[in-house]
Amino acid sequence: MSTLKLANANPGRKLFSSKVATTVVWVITVLWTVPTFGLFASSFRNKQDIFLSGWWHIFTNPHLTLSNYHAVIFGSSSSTLSDGVLPYLMNSIVITIPAVIFPVVIATMAAYCLAWVKFRGSDALFFFIFCLQIVPIQMSLVPLLQLFTGGAHIGSFTIIPKLGIAGHFAGIWLPHTMFALPLAIYLLHNFIASLPRDLMEAAYVDGANHFKVFRQIVLPLSVPAIAAFAIFQFLWVWNDLLVALTFASGTEEVAPINVKLASLVGQWGSGWETLTAGAFVTIAIPLIVFFSLQRFFVRGLLAGSVK
Amino acid sequence: MNSFLSTNAPKFEQVLIAIAAFFTILMVVFYLAGKANGRKQRPMAIVVLLGPAMILLSAGLIVPAIQTILFSFKDANSVKFIGFQNYSWLFANPDMRKVFFNTLLWIVVTPFATTALGLFLAIMLDRMKRESVAKSLLFMPMAISFVGASVIWKFVYDYAVPSKPQTGLLSAIVRALGFKPSNWILTQPLNTFLLMIIFVWVQTGFAMVILSAAIKAVPADIVEASALDGAHGWRLFKNITFPMVRSTTIVVFATMLVTSLKLFDIVRTMTGGNFGTSVISNEMYAEVFVRFDQGRGSALAVILFVFVTPILVYNIRNLRRERSIA
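Heads up: the protein sequence lines correspond to chains A and B, in order. Residues 1 to 307 (the numbering used here) make up the first sequence, in order. Residues 308 to 633 (the numbering used here) make up the second sequence, in order.
Hints in this document: simulated from the structure, not taken from any laboratory. What you are looking at is a predicted structure, and each value in this text was computed from that prediction instead of being measured. Hints are not guaranteed to be accurate.
In silico lysine to aspartate or glutamate, EDC-like type, Cα no more than 16 Å apart, as pairs [stated by the list, open to error]:
1. 19/A / 438/B
2. 318/B / 201/A
3. 212/A / 201/A
4. 381/B / 600/B
5. 318/B / 253/A
6. 471/B / 253/A
7. 118/A / 201/A
Sample of chain A residues lacking proximity to chain B, with all beta carbon distances greater than 12 Å (derived) [claimed, not checked]:
8. 122
9. 198
10. 202
Backbone N, C-alpha and C define an ideal beta-carbon position, used for all residues, glycine too.
Turn these sequences into a full structure, and let the hints guide you.
Have a look at this one:
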């Protein structure tokens with residue numbers, strides 16, 4: 001600790017003085033925050049104000065209203081969003097919860113198996129899964145959609161029957177689970193492989209089988225890694241557009257709020273005022289999750305990227 | 308409110324049933340497989356623990372990837388083999404050439420911009436006190452979807468005819484400086500760079516957080532010793548700090564490269580691929596789901612895949628090296 005202090009006190013270490021650095025960082029931080037703030041401020045202004053003057057006029061002419069939020073949440077006959085965004089918000093939650101739980105559990109099982117139940121080729125298999133991480137999901141979209149709508153056949157022989165889950169929630173949970181597995185297995189494997197060997201061996205000696213070890217030792221000890229990945233996956237699913245556009249139709253029944261927001265942007269004549277509040281409703285939950293669980297999220301990112 | 312409940316309660320019911328079924332099946336399988344004893348125990352464990360992941364990976368990624376490669380040599384409805392016709396059409400079409408050019412521009416500019424800015428911020432943060440608030444705010448856009456970010460920036464890039472008040476921040480600033488604002492999103496090739504700014508805005512926080520952690524992990528005594536030896540400022544960074552964070556920088560750069568290559572949301576939300584801003588990923592979606600040509604769409608997906616293979620090879624070599632050291 002004292003060396004650290006010494007190093008910090010040593011002017012030789014500094015490329016820039018701390019005052020200059022602080023100023024530069026804060027200038028960039030303000031620049032970085034202004035666009036979000038602008039949208040936030042606009043979301044409390046009424047239609048005329050948004051149309052007639054920039055959001056920065058709220059400082060000189062504060063006329064704040066919650067009417068945009070009211071219209072977006074409960075719907076209004078005057079806007080393009082007659083029913084409000086609540087059904088879509090619910091869809092997002094309904095899509096996200098299983099799309100986080102399924103891959104986390106399946107990946108933890110696989111990661112434990114690859115790390116501790118070694119078999120011929122288990123290293124090569126891990127290697128292969130690691131490589132799958134980088135394959136663009138665009139490579140999967142069309143065949144996977146066909147599988148969901150038509151099943152799989154060789155000639156007239158049916159291998160997998162028509163699943164008929166396209167346009168249902170299951171048809172979105174499944175692709176999200178599939179696409180998440182390579183990264184999840186890789187991250188969790190790194191963590192689980194580093195669990196203390198003695199602990200595992202003691203359990204095996206005591207006669208515990210792999211399932212018992214998995215449930216009673218691996219799962220509880222992996223909570224930090226699982227939490228880190230879960231937050232990462234939560235943000236990924238919530239913020240996803242491509243998978244949802246492909247596998248969920250744009251309807252109120254299944255489409256998540258991010259898809260709805262994207263379609264609002266594309267509609268000519270859907271007012272700015274709807275867009276402002278709609279965007280904030282969309283990003284509110286990930287922002288809350290992000291700010292309250294930032295520590296875990298950063299840990300997850302670090303585990304995934306540095307090594 | 309009643310109708311709200313009646314339409315949404317069944318959705319949550321589905322979630323509960325799905326999750327309950329998932330865990331029940333797992334528990335039953337675990338119980339039954341746990342009964343196996345002796346020599347059967349190990350293979351049973353491998354099948355049960357690894358099986359679900361392998362089935363999902365095969366059905367969701369491996370088989371579809373092979374199918375997509377096959378589709379790329381077939382016609383629009385994937386019925387007849389037509390050889391390289393999809394590819395030759397893509398490379399001969401001037402609009403598509405523009406799309407490839409744009410994608411190249413994205414993967415050349417944005418990884419450099421995000422990594423460089425992230426590294427710069429990480430160095431600056433290392434020099435300041437009470438960095439956490441600034442760090443959080445710079446990192447915040449990472450939690451916002453590209454669609455949300457596009458809406459935020461649509462307000463910045465908004466343009467009104469000169470007789471009307473400018474409500475977009477960029478137009479207002481340009482006008483305050485005494486210039487004439489233009490219709491930003493329609494101006495080529497400026498619009499592509501404006502879209503890139505959104506990407507940089509979202510992703511720089513990621514680069515910064517990871518590089519900042521790497522810089523903090525550089526042992527203080529090494530820095531101190533070299534400072535005593537007379538290295539400081541730029542030379543200290545170039546000779547000591549940067550070499551120690553180089554591998555992290557490359558990882559961040561590669562991540563940005565892949566993310567920008569697959570980029571879809573920003574282009575689709577901001578311009579729908581119009582006004583000369585489209586990229587491969589957006590065209591792939593448009594070919595398949597708007598123009599209903601699976602052959603061309605699949606060929607575009609394969610081209611994306613070809614773009615990532617160098618990074619794939621690099622990653623494999625890296626992991627090999629790491630393994631051999633460990």
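Against the structure, the hints come out as follows:
Using a Cα cut-off of 16 Å, the hinted pair residue 19/A and residue 438/B holds, with the two alpha carbons roughly 12 Å apart. Using a Cα cut-off of 16 Å, the hinted pair residue 318/B and residue 201/A is violated, with the two alpha carbons roughly 44 Å apart. About 13 Å separates the Cα atoms of residue 212/A and residue 201/A, which keeps this hinted pair within 16 Å; it holds. Proposed proximity of residue 381/B and residue 600/B is supported: the alpha carbons are some 10 Å apart, at most 16 Å.
For the proposed pair residue 318/B and residue 253/A, the alpha carbon gap of about 9 Å is at most 16 Å, so the pair holds. Distance check on the hinted pair: residue 471/B and residue 253/A sit about 40 Å apart at the alpha-carbon level, beyond 16 Å; violated. At roughly 14 Å between alpha-carbon atoms, residue 118/A and residue 201/A fall within 16 Å of each other, so this suggested pair holds. At the 12 Å boundary, the C-beta of residue 122/A falls inside the reach of chain B, the nearest C-beta of that chain being 8 Å off.
For residue 198/A, the requirement that its beta carbon stay farther than 12 Å from each beta carbon of chain B is met, with the minimum near 19 Å. Chain B leaves residue 202/A outside its interface by the beta-carbon criterion, the shortest separation being 18 Å against a cut-off of 12 Å.
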